[in-house]
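Once you've looked at the hints, dock chain B against the given chain A.
Each protein sequence line maps, in turn, to chains A and B. Position one of the first sequence corresponds to residue 1 (the UniProt record's numbering), numbered consecutively onward. Position one of the second sequence corresponds to residue 1 (the UniProt record's numbering), numbered consecutively onward.
The hints are simulated quantities; they were obtained by calculation from the structure and are not laboratory data. Hints are supplied without guarantee of correctness; some may be wrong.
Unchecked claim - Far from chain B by the CB rule (all over 10 Å, computed), these chain A residues:
hint: 1; residue: E16
hint: 2; residue: T50
hint: 3; residue: K58
hint: 4; residue: E147
hint: 5; residue: K161
hint: 6; residue: Y190
hint: 7; residue: V197
hint: 8; residue: N220
hint: 9; residue: D285
hint: 10; residue: A296
hint: 11; residue: A361
hint: 12; residue: G367
hint: 13; residue: L388
What the hints assert, rightly or not - Straight line, CA to CA, 16 Å or less: simulated EDC-like cross-link-like pairs of lysine to aspartate or glutamate:
hint: 14; chain 1: B; residue 1: K212; chain 2: A; residue 2: D162
hint: 15; chain 1: B; residue 1: K156; chain 2: A; residue 2: D162
hint: 16; chain 1: A; residue 1: K212; chain 2: B; residue 2: D315
hint: 17; chain 1: B; residue 1: K387; chain 2: B; residue 2: E35
Note that CB positions come from ideal geometry on N, CA and C, so glycine has one too.
2 protein chains.
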Amino acid sequence: MITVDIKNKLVEVVGEQYVFTDQETLNDYGKDHTEDLVFPPSIVVKPASTQQVSAIMKLAFEHAIPVVPIGARTGLSGGILAVHKGIGLSLERLNQIIKIDEQNLQVITQPGVITEVLQNAVAEKGLFYPVDPSSKGSCFIGGNIAENSGGARAVKYGVTKDYVLNLEVVLPNGDIINTAANTLKNATGYNLTQLMVGSEGTLGIVTKIVLKLIPAVQHNVLLLVPFFKMEEAAVAVSAIFRAGIVPSALEFMERDAIDWTMKFTEVPDLNLRPEIEAHLLIEVDGNYPEILMNEAEKILTVVEQFQIDEVLFADTQDQKNALWKLRRNVAEAVKQNTVYKEEDTVVPRYELPKLLIGIKAIGEKNGFKSICYGHAGDGNLHVNIVKLDMTDELWQTKVPKGVKEIFELTKSLNGTISGEHGIGLVQKEFMSIVFSEIELHLMYQIKKIFDPKNIMNPGKIFPSDIN
Amino acid sequence: MITVDIKNKLVEVVGEQYVFTDQETLNDYGKDHTEDLVFPPSIVVKPASTQQVSAIMKLAFEHAIPVVPIGARTGLSGGILAVHKGIGLSLERLNQIIKIDEQNLQVITQPGVITEVLQNAVAEKGLFYPVDPSSKGSCFIGGNIAENSGGARAVKYGVTKDYVLNLEVVLPNGDIINTAANTLKNATGYNLTQLMVGSEGTLGIVTKIVLKLIPAVQHNVLLLVPFFKMEEAAVAVSAIFRAGIVPSALEFMERDAIDWTMKFTEVPDLNLRPEIEAHLLIEVDGNYPEILMNEAEKILTVVEQFQIDEVLFADTQDQKNALWKLRRNVAEAVKQNTVYKEEDTVVPRYELPKLLIGIKAIGEKNGFKSICYGHAGDGNLHVNIVKLDMTDELWQTKVPKGVKEIFELTKSLNGTISGEHGIGLVQKEFMSIVFSEIELHLMYQIKKIFDPKNIMNPGKIFPSDIN
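Excised from the complex, chain A in its bound form (with noise of 0.2 Å):
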């Protein structure tokens, strides 16, 4: 598929030494965090700017060449996993931070920096980029922009979406567009950012990303409360907001993902009575130590109505680092332990505690084990099943029948099955449970006018019979 004559091109445009075809160059970039899935790009390559992205795209458009835009690879949906081949165009040469204003709150950056790099940056100058995925120290902001990340604090700050004011997108023909402008505010022409925005790079490669920022907060105050039921604590979630708080984050933990991560992960063990079956996470900030004290208590007030041990305050800065390390190692912990498949459930949040309960009927139904985990306060639960010891014939005929029931589960619940990981590769099948036809259909005729030659991340999101 890629000739002679293609690589000599993508030469003359990146320079010999960021094409790759060596095998393992190719093996590395054709696998992400999704499971132990791995489709290598026939070619991969590493442009520097917005021009040489440019001219990669127009190259590929020309010769209908699929290309698979590639991030840090830590997506959980395969979203970067070259199916059909091609090229991979590795956006991790575009990794500087252009500008940030400070006049304006503003952040004008380059695809491929490091969420966490990004984040220390504008906090340096007094500011604050609150979206927080639990990849923040290795993802990149453009793979954030890929798949609308969220994380632990947009319960109260938003995801992504919420703080992409402008971008720079290179169009599958090479083309380079502006979705927007510098603004806060909008009402000019239809939303081209908000629709490129969770695109999973199915619509064109974003070279120039223009973020919102807001005033740093400073203080916060952290607790985690173990709940004897798990239901309740899954109740709990929507009973705080109904007490009128809204806190910085809310997680919710099984029991097994706590004790998996203590297990398999250096992180400081709780001594957990054993009754424990669930915890939640809960931050509180603000700018004003007294207000956080007094809506931790209110929270206290609201959790004291649940069956719950001790609640635990985290006092200084190392124990609220204990306590996310601990929430930010579940998944590591699942994945060292098991082979695993994850889903990314998301419902209303007072739907949590049927959503749970469902998820644990369908396991036992169909014999699969799972850890449930997640952003509590967005109504968004990773269930990871985990394989175990169940024979491989069981995993693959009823893990994917059980995962389709936790779909049908959570529409049923005015839910979706992607909160914040994406469609990619590994759930566009059950794409026709949430979606009609017709939706699809339309969602698919943007997708070719974007993309006529089907080159831009093709065999992603739409469903095999569509695609």
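Using the frame of chain A, we list chain B on its own:
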């Protein structure tokens, strides 16, 4: 265009008493709040349900009849003007709040509910829908979706788009879709919700809306700061944010805006010193009065760096209402006093002084006066170009030239031509100032996907050479 046969079929759908062809009704439904423009539809129909809307669209699609969705007719860009005649489809009978969901902090509503009615209904349950267009007492929530309306509190709470979770939409061919799920997070397919928001009735008809709510906020502090220098008021706007404050409103009014409002509408006289050039109206809100006083103090510290007169604190609710009435009545005061043309410029907030100075210079060069006011915290400045004693000839030649120059200035400051009023009819010829041909073409192709026969509010948003 509307044959007897078509009329009879419309009568079959909605009933005889909801089909109108008398000139008075046609005229009524052929104008909004945009200057003195009147473009009556050929017929007005008032469906009562999604199914009726769908039946009307099926009929219109079959016969390629233009349809204009009509809300409360408070728009400022001529979005509902039936420039191609056809069916005026009023949503006024879809006026039910379907469910206030206190558990999930959501409201499900039909589009024909007055925004303030919706706000009051959720407030009774201790909940808050913060989007606050100046016309909230008469506009429909469906119109807010169409225009992505903002208002005074957008600076802290965001605009309409930030609260829309899911929409039921009748497509131009009569198909009914849902754009998303009722969830706070969503990474499942393209964002059809945000494509609909702000699309000004050109892609489909919104028949059901799911909005996010937040817990009620209990207190606020309002202050009015008189500036001796207009530009300094504009500079102070971004200085307030840089001090770490996010006000819940930050409004700018130049001197004439206040004088005209005091003169022509019923608001108390502020006995201003003649040297005052502009005011900022600043609100902070929250649940802790002592914190609000602290924040008000910080704001004082900022504004006292500029040349200001005595700051007015609104102590009572009556005083607050009076100040807000002053702000909200500016548009009315201009309208009562002269022929005018309103522009809805928006720039990154720190560019506001440059915008303001530029607008005044453009006015001077072209011989027109403007009254400027608006949501300065968002960089959103409403520019009312006033005719007063200009000759018709000068009005018709100099003003369009000046408007073009103002929009070019806006673009050069990384801004755009509408912050919250939309493009509609009156700004569409200026779209090529802020979008390239490729960008406009992309938008128009999206339009064609939804609306292949160009029957859905035709003649809006896109410049004539595209439409």
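Evaluated hints:
| no. | hint | in the structure |
| --- | --- | --- |
| 1 | E16 | holds (32 Å) |
| 2 | T50 | holds (15 Å) |
| 3 | K58 | holds (14 Å) |
| 4 | E147 | violated (6 Å) |
| 5 | K161 | violated (7 Å) |
| 6 | Y190 | violated (5 Å) |
| 7 | V197 | violated (7 Å) |
| 8 | N220 | holds (16 Å) |
| 9 | D285 | holds (14 Å) |
| 10 | A296 | holds (14 Å) |
| 11 | A361 | holds (22 Å) |
| 12 | G367 | holds (28 Å) |
| 13 | L388 | holds (28 Å) |
| 14 | B:K212 / A:D162 | holds (14 Å) |
| 15 | B:K156 / A:D162 | holds (13 Å) |
| 16 | A:K212 / B:D315 | violated (33 Å) |
| 17 | B:K387 / B:E35 | holds (12 Å) |
Going down the numbered hints, you'll see the structure goes against 4, 5, 6, 7, 16, while the others check out.
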